[in-house]
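There are 2 protein chains.
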Amino acid sequence: MGRVLGIDLGGTSVKYGILHEDRIISRGVVPTEIEKGTPQLIEKLKGIIRSGENVSAVGIGVPGIVDETQKFIYECKNLFWKEIPLARWLEEATGVEVFLDNDANLAALAEQQAGLLKGINNGILLTLGTGVGGGVILGGALYRGSHGLGFEVGHMRIGYEGIPCTCGRQDCFEVYSSATALVRHYNERAPLPVREAREIFDGYQKKDPLGIQSMDWYLDHLADGVVNLINLFDPQRIVFAGGVSLGLNLVLGELEKRVEQRKFTKALPRAELMISSLENDAGIYGGALLAEAMRKG
Amino acid sequence: MGRVLGIDLGGTSVKYGILHEDRIISRGVVPTEIEKGTPQLIEKLKGIIRSGENVSAVGIGVPGIVDETQKFIYECKNLFWKEIPLARWLEEATGVEVFLDNDANLAALAEQQAGLLKGINNGILLTLGTGVGGGVILGGALYRGSHGLGFEVGHMRIGYEGIPCTCGRQDCFEVYSSATALVRHYNERAPLPVREAREIFDGYQKKDPLGIQSMDWYLDHLADGVVNLINLFDPQRIVFAGGVSLGLNLVLGELEKRVEQRKFTKALPRAELMISSLENDAGIYGGALLAEAMRKG
Numbered sequence: 059m060g061r062v063l064g065i066d067l068g069g070t071s072v073k074y075g076i077l078h079e080d081r082i083i084s085r086g087v088v089p090t091e092i093e094k095g096t097p098q099l100i101e102k103l104k105g106i107i108r109s110g111e112n113v114s115a116v117g118i119g120v121p122g123i124v125d126e127t128q129k130f131i132y133e134c135k136n137l138f139w140k141e142i143p144l145a146r147w148l149e150e151a152t153g154v155e156v157f158l159d160n161d162a163n164l165a166a167l168a169e170q171q172a173g174l175l176k177g178i179n180n181g182i183l184l185t186l187g188t189g190v191g192g193g194v195i196l197g198g199a200l201y202r203g204s205h206g207l208g209f210e211v212g213h214m215r216i217g218y219e220g221i222p223c224t225c226g227r228q229d230c231f232e233v234y235s236s237a238t239a240l241v242r243h244y245n246e247r248a249p250l251p252v253r254e255a256r257e258i259f260d261g262y263q264k265k266d267p268l269g270i271q272s273m274d275w276y277l278d279h280l281a282d283g284v285v286n287l288i289n290l291f292d293p294q295r296i297v298f299a300g301g302v303s304l305g306l307n308l309v310l311g312e313l314e315k316r317v318e319q320r321k322f323t324k325a326l327p328r329a330e331l332m333i334s335s336l337e338n339d340a341g342i343y344g345g346a347l348l349a350e351a352m353r354k355g
Numbered sequence: 059m060g061r062v063l064g065i066d067l068g069g070t071s072v073k074y075g076i077l078h079e080d081r082i083i084s085r086g087v088v089p090t091e092i093e094k095g096t097p098q099l100i101e102k103l104k105g106i107i108r109s110g111e112n113v114s115a116v117g118i119g120v121p122g123i124v125d126e127t128q129k130f131i132y133e134c135k136n137l138f139w140k141e142i143p144l145a146r147w148l149e150e151a152t153g154v155e156v157f158l159d160n161d162a163n164l165a166a167l168a169e170q171q172a173g174l175l176k177g178i179n180n181g182i183l184l185t186l187g188t189g190v191g192g193g194v195i196l197g198g199a200l201y202r203g204s205h206g207l208g209f210e211v212g213h214m215r216i217g218y219e220g221i222p223c224t225c226g227r228q229d230c231f232e233v234y235s236s237a238t239a240l241v242r243h244y245n246e247r248a249p250l251p252v253r254e255a256r257e258i259f260d261g262y263q264k265k266d267p268l269g270i271q272s273m274d275w276y277l278d279h280l281a282d283g284v285v286n287l288i289n290l291f292d293p294q295r296i297v298f299a300g301g302v303s304l305g306l307n308l309v310l311g312e313l314e315k316r317v318e319q320r321k322f323t324k325a326l327p328r329a330e331l332m333i334s335s336l337e338n339d340a341g342i343y344g345g346a347l348l349a350e351a352m353r354k355g
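Read top to bottom, the protein sequences are chains U and A. Residue numbering for the first sequence follows the working numbering, starting at 59 and increasing by one per position. Residue numbering for the second sequence follows the working numbering, starting at 59 and increasing by one per position.
Chain U with its partners taken away, still in its complex shape (with noise of 0.2 Å):
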């Protein structure tokens, strides 16, 4: 087996490593600054492709909708792209081929090789980094839905606040329960602006009862969407990945106990909640994996 690279591209940063024989051999990340435009994100892939020696395939984890042929880009919003074939452009660019899915498909396939989903039958995969995502595993398979729009699951509506969400509708799972969310709630709130969630963490850990009320609202916002999950799918385990996942070791008990007390039926034991083992190589990995399997020969 050769080497293959793995991508994860993602709203505030690109993550990207080399598989080699089931390990990932070397890493690197840099910013995304989609606000510098499309040509120079694009510019930058290129970039992590031509560094990566002896790469015989890469497999790229996107925020957004992905068609069934792993080469075209319906829709990110979060990078405000539309309709656009990257692989083709990456591998004219580069020759080397090129793969495409959702980020959090490929996050749950990590999770179902390497991972905390290994052996589940049925299990869903929650990141909750600049947005909220999702892979669910039904019956020991990716769940892929029947026009390629998969498991959109931070576009549940799930609130009250009438906080507005980038899709156009109101009140999404994404909305309360992204880091952007915890943070944007902290910063409402705060004499000085936190940039991101682990600062709040960090005020947790300290008592500082603004860290500890923003916690409060996002794990209240967290277990209505995780009780929503349940009800729906009746997983055996919830796997919690991206950013706010680190922070939410400091308080899994609080959360378990307000999901405990919601879901319908309390006669039946329930999905257990965990926090993903692979941090921030999910995407790295799950990218590596479909370029292993999806590359010629």
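Hints may contain errors.
Stated by the list, open to error - Here are the simulated lysine-lysine pairs, DSSO-like style, with alpha carbons at most 30 Å apart:
{"hint": "1", "chain 1": "A", "residue 1": "K129", "chain 2": "A", "residue 2": "K104"}
{"hint": "2", "chain 1": "A", "residue 1": "K102", "chain 2": "U", "residue 2": "K324"}
{"hint": "3", "chain 1": "U", "residue 1": "K129", "chain 2": "U", "residue 2": "K354"}
{"hint": "4", "chain 1": "A", "residue 1": "K324", "chain 2": "U", "residue 2": "K94"}
{"hint": "5", "chain 1": "U", "residue 1": "K324", "chain 2": "A", "residue 2": "K140"}
{"hint": "6", "chain 1": "A", "residue 1": "K315", "chain 2": "U", "residue 2": "K140"}
Said to hold, decoys possible - Simulated restraints on C-beta separations:
{"hint": "7", "chain 1": "A", "residue 1": "P222", "chain 2": "U", "residue 2": "L308", "range": "26 to 34 Å"}
{"hint": "8", "chain 1": "A", "residue 1": "P222", "chain 2": "U", "residue 2": "Q271", "range": "23 to 31 Å"}
{"hint": "9", "chain 1": "U", "residue 1": "Q271", "chain 2": "A", "residue 2": "S71", "range": "43 to 51 Å"}
Unchecked claim - Here are some chain U residues the structure puts well away from chain A; computed CB gaps all over 10 Å:
{"hint": "10", "residue": "R81"}
{"hint": "11", "residue": "E257"}
{"hint": "12", "residue": "P267"}
Just so you know, these hints were derived from the structure itself, not from any lab. Note that the coordinates shown come from a computational prediction; the quantities given were computed from them, not determined experimentally. Just so it is clear, CB atoms sit at the ideal spot from N, CA and C, and this is done for glycine as well.
Position chain A against the provided structure of chain U, taking the given hints into account.
Relative to chain U, chain A alone:
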């Protein structure tokens, strides 16, 4: 093939019918009257079973959660039942084999066998009646979940008006999209209360402003729930059954318009929305199919 009896045990009425060579050859309906107590309702069920001539097995759809042996009810919130060995009680009294399943699961199986989910790989049946229930076909098979909870779609939180739900949460799909919800919304505003959703559909057709207003409120929330399901499951088709589905015929175009506006991506086709052609027979049919599948020999 002998005769089997299907019973649809609803919060308002008990419908039943005998299936013989794929046709319902006789049928009946009696009021549930749960307020008269559980023993009286059990007697009613025994009477229905005893009256079925040459019936070799019985399948009952219950509005709740059933164990995997299909003999025992964990919980039926609308009937105020908890942990009831219904099948055993009825078998001991009548000598006929009895099987149970969730009513919406059975209706989905009936749609798959004889209705609008025939040949559909990924499809959803939504029953809009006393509550909101549903069954989901994924990869051509009924999805039952990991712990017997299945698809409790009525308890997906979607809303923001602060309406309490029987499950203990607020703002579940059911408190907006059941027939009960439509009647409640109308009666809170009407000088003369109605008893059934049907009367509101009549008012809507006669251009009664309150009927129009209530149907508009109803459609708005139903569209939100349907968009959630499209964003989560990306099904080929969603079929509506139950009391409200009859009136939904009048406004299906408007529902489609709102769903189209709100779905996550406009670039992909979405689920077809259709009204069940089995009407009130889906539950009876599903119960009978269960009995046929499970009976000995």
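Going through the hints against the structure:
no. : hint                          : verdict
1   : K129(A) / K104(A)             : 15 Å, holds
2   : K102(A) / K324(U)             : 29 Å, holds
3   : K129(U) / K354(U)             : 14 Å, holds
4   : K324(A) / K94(U)              : 26 Å, holds
5   : K324(U) / K140(A)             : 11 Å, holds
6   : K315(A) / K140(U)             : 23 Å, holds
7   : P222(A) / L308(U): 26 to 34 Å : 31 Å, holds
8   : P222(A) / Q271(U): 23 to 31 Å : 25 Å, holds
9   : Q271(U) / S71(A): 43 to 51 Å  : 49 Å, holds
10  : R81                           : 32 Å, holds
11  : E257                          : 30 Å, holds
12  : P267                          : 27 Å, holds
Checked against the numbered hints above, the structure breaks none of them.
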